[in-house]
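In order, the protein sequences belong to chains R and C.
According to this note's numbering, the first sequence is numbered sequentially starting from 158.
According to this note's numbering, the second sequence is numbered sequentially starting from 4.
If you're looking for bench data, these hints aren't it; they were derived computationally from the structure.
You may find that some hints are simply not true.
Take a look, some chain C residues computed to stay more than 12 Å from chain R by CB distance [said to hold, decoys possible]:
no., residue
1, Ser12
2, Pro40
3, Thr58
4, Gly86
5, Asp141
6, Ala144
7, Leu149
8, Asp164
9, Ser171
10, Lys207
With a Cα cut of at most 27 Å, we get these calculated DSSO-like pairs of lysine-lysine [said to hold, decoys possible]:
no., chain 1, residue 1, chain 2, residue 2
11, R, Lys229, C, Lys70
12, R, Lys365, C, Lys65
13, C, Lys93, R, Lys229
14, R, Lys229, R, Lys415
Note that the coordinates shown come from a computational prediction; the quantities given were computed from them, not determined experimentally.
Glycine included, each C-beta is placed from N, C-alpha and C at the ideal position.
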Amino acid sequence: MRYARILVEGRELDITIDAQDKITTQEGQSIDLPLDSDQITWLPPVKEPGTIFALGLNYADHATELNFAPPKEPLVFIKHANTLTGHKQTSYRPDNIEYQHYECELVAVIGKQGKNIKREDALDYVAGYTVCNDFAIRDYLENYYRPNLRVKSRDSLLPMGPWIVDVADVPNANNLRLTTTVNGKITQDGSTKDMIFDVPFLIEYLSKIMTLNPGDMIATGTPHGVADMQPGDTVVCSIESICDLETRIVSEQEYYGKNY
Amino acid sequence: MTATLLVNSKLVCVALNDKAQLKALDATFNQAPYNKPPTQPVLYYKPRNTWSVDTAEVEWAKDFDGKDVPTMVVGASLGVVIGKETCRVKPEEALSFVGGYTVVADYSLPEENYYRPDIKGKCLDTSAPVGPSLVAADKIAQPDALSVTIKVNGELKSTFDLSQMQRSVAELISIISNIMTLQAGEVIAVGFAGERVALAKGDKVEAAIAGIGTLNNTLGGI
Numbered sequence: 158m159r160y161a162r163i164l165v166e167g168r169e170l171d172i173t174i175d176a177q178d179k180i181t182t183q184e185g186q187s188i189d190l191p192l193d194s195d196q197i198t199w200l201p202p203v204k205e206p207g208t209i210f211a212l213g214l215n216y217a218d219h220a221t222e223l224n225f226a227p228p229k230e231p232l233v234f235i236k237h238a239n240t241l242t243g244h245k246q247t248s249y250r251p252d253n254i255e256y257q258h259y260e261c262e263l264v265a266v267i268g269k270q271g272k273n274i275k276r277e278d279a280l281d282y283v284a285g286y287t288v289c290n291d292f293a294i295r296d297y298l299e300n301y302y303r304p305n306l307r308v309k310s311r312d313s314l315l316p317m318g319p320w321i322v323d324v325a326d327v328p329n330a331n332n333l334r335l336t337t338t339v340n341g342k343i344t345q346d347g348s349t350k351d352m353i354f355d356v357p358f359l360i361e362y363l364s365k366i367m368t369l370n371p372g373d374m375i376a377t378g379t380p381h382g383v384a385d386m387q388p389g390d391t392v393v394c395s396i397e398s399i400c401d402l403e404t405r406i407v408s409e410q411e412y413y414g415k416n417y
Numbered sequence: 004m005t006a007t008l009l010v011n012s013k014l015v016c017v018a019l020n021d022k023a024q025l026k027a028l029d030a031t032f033n034q035a036p037y038n039k040p041p042t043q044p045v046l047y048y049k050p051r052n053t054w055s056v057d058t059a060e061v062e063w064a065k066d067f068d069g070k071d072v073p074t075m076v077v078g079a080s081l082g083v084v085i086g087k088e089t090c091r092v093k094p095e096e097a098l099s100f101v102g103g104y105t106v107v108a109d110y111s112l113p114e115e116n117y118y119r120p121d122i123k124g125k126c127l128d129t130s131a132p133v134g135p136s137l138v139a140a141d142k143i144a145q146p147d148a149l150s151v152t153i154k155v156n157g158e159l160k161s162t163f164d165l166s167q168m169q170r171s172v173a174e175l176i177s178i179i180s181n182i183m184t185l186q187a188g189e190v191i192a193v194g195f196a197g198e199r200v201a202l203a204k205g206d207k208v209e210a211a212i213a214g215i216g217t218l219n220n221t222l223g224g225i
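With the hints as constraints, model all of the structure from the sequences given.
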């Protein structure tokens with residue numbers, strides 16, 4: 158089963174999507190629309206987003222691409238709900254920058270509170286998996302709490318979804334093909350098998366430090382193959398058996414409108 | 004948790020906002036891995052598992068082997084509580100977006116370096132009491148004229164005049180709101196004395212700002 162949140166005709170709906178792509182609301186009403194319908198606005202799939210943990214340099218080939226040795230301990234940073242947006246929504250490119258890249262990532266959504274969780278029990282605490290695009294603005298990197306909030310905490314720069322797939326429906330999250338296309342051309346092609354620290358490891362690690370809560374998310378990092386994005390580009394981040402997440406890049410002025 | 008949390012959805016803290024601390028670390032910050040002093044405010048989050056309240060016990064942290072850590076430290080800051088949606092505001096209008104002021108205490112492991120996000124040090128459960136209450140913004144004409152003190156077991160350990168901050172409250176609201184849109188109830192801890200105060204298990208800590216309030220918390224672990 159898959160879980161999502163959508164807007165249809167102004168109504169915000171918590172839905173399930175079955176294997177035949179049939180949409181049913183939480184109240185049991187069926188919504189007779191195909192998943193690619195223009196009448197659906199996709200919201201970020203976690204209804205009450207908590208702490209978003211994101212991993213840096215968690216694929217050896219990407220670490221090398223950025224001229225870093227692969228880490229011996231997870232490089233974790235935190236994001237909040239202001240960064241979230243849904244499938245087929247827009248993310249913005251800040252004015253006057255040289256390099257903004259996407260990062261296609263597998264996300265584990267926490268479903269149960271826990272602390273000091275053992276690796277072998279970790280998946281009991283996962284509600285499901287989704288996909289995010291953890292954009293970075295490389296121009297803003299500074300060597301203080303790097304990657305700093307100016308790089309990684311901007312509005313709209315963490316599209317997520319369109320849906321969460323039950324953990325039971327993903328027997329092996331450690332062997333999923335992960336691809337990104339920009340304007341239809343493949344620019345990133347990797348596998349979650351190359352992740353350095355996998356989801357069970359990360360849950361054990363983080364829960365030794367702090368309590369994890371339902372609605373927390375762990376974005377597990379991206380492999381080799383990042384590229385610059387420009388307004389007008391469409392980027393699709395896909396993970397096999399999970400979902401395809403589409404985002405259109407707009408200018409800062411277009412995104413902020415009257416607040417620009 | 005018996006009292007209502009003051010924080011809604013986000014607690015942003017500003018590190019390295021003490022001019023004297025920046026000066027003292029200047030040589031360090033010109034070496035690897037920093038290579039140059041920060042050009043922007045150095046920000047970190049205290050996530051929701053850290054949020055706590057006045058009078059609550061602060062858990063004594065454990066290391067990865069499950070043993071009590073040898074030392075914890077505390078810093079205290081003015082907490083700026085956002086009053087309404089704050090998106091890309093200018094410094095000269097920034098204070099009009101403040102709903103009120105409070106006190107934030109940041110309990111953590113000692114700050115050993117600033118190069119990578121300090122998840123192990125800063126994200127400990129119950130390590131960010133905020134309170135004791137919210138003082139309306141119109142009662143505080145000049146937030147940058149306030150002074151933050153920390154007493155441990157009744158003894159004064161730290162005094163930080165906010166006039167010694169590298170960036171003012173208004174500048175910080177402006178800069179942060181150009182990174183992220185802030186919502187009502189979100190809190191910015193604008194600056195801590197560079198020298199954090201070392202603590203032992205069972206210590207009673209008073210983090211106080213005259214005119215705002217005193218946050219009383221006790222360390223656990225006994």
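- Query: Going by Cβ atoms, does Ser12 (chain C) stay more than 12 Å from chain R at every point?
  - Reply: It is violated; Ser12 (chain C) is separated from chain R by about 7 Å at its closest Cβ, not greater than 12 Å.
- Query: Should the label of Ser171 (chain C) as a non-interface residue stand, given a Cβ cut-off of 12 Å to chain R?
  - Reply: holds, 19 Å
- For the pair supplied as a hint, Lys229 (chain R) and Lys415 (chain R), is the alpha-carbon distance within the 27 Å limit? violated, 46 Å
- Outside-interface status for Pro40 (chain C) - nearest CB in chain R farther than 12 Å: violated, 9 Å
- Straight-line alpha-carbon gap Lys93 (chain C) to Lys229 (chain R), limit 27 Å: Given pair Lys93 (chain C), Lys229 (chain R) is violated - Cα atoms ~42 Å apart, limit 27 Å.
- Query: Is it the case that Asp141 (chain C) keeps its Cβ farther than 12 Å from each residue Cβ in chain R?
  - Reply: Nearest chain R Cβ is 25 Å from Asp141 (chain C), so the label holds.
- Within a Cα-Cα threshold of 27 Å, do Lys229 (chain R) and Lys70 (chain C) meet the stated pairing? Distance ~22 Å between Lys229 (chain R) and Lys70 (chain C) Cα, so the pair holds.
- Query: Would the least Cβ to Cβ distance between Leu149 (chain C) and chain R come out above 12 Å?
  - Reply: holds, 25 Å
- Message: For a C-alpha distance cap of 27 Å, please report whether Lys365 (chain R) and Lys65 (chain C) respect it.
- Response: holds, 8 Å
- Item | Non-interface claim for Asp164 (chain C) versus chain R (Cβ beyond 12 Å) | At about 24 Å from chain R, Asp164 (chain C) clears the 12 Å cut-off, so the statement holds.
- Beyond 12 Å from every chain R Cβ - status for Thr58 (chain C): holds, 20 Å
- Measuring Cβ to Cβ, find out whether Ala144 (chain C) lies farther than 12 Å from everything in chain R. At about 28 Å from chain R, Ala144 (chain C) clears the 12 Å cut-off, so the statement holds.
Going through the hint list in order, the structure does not satisfy hints 1, 2, 13, 14.
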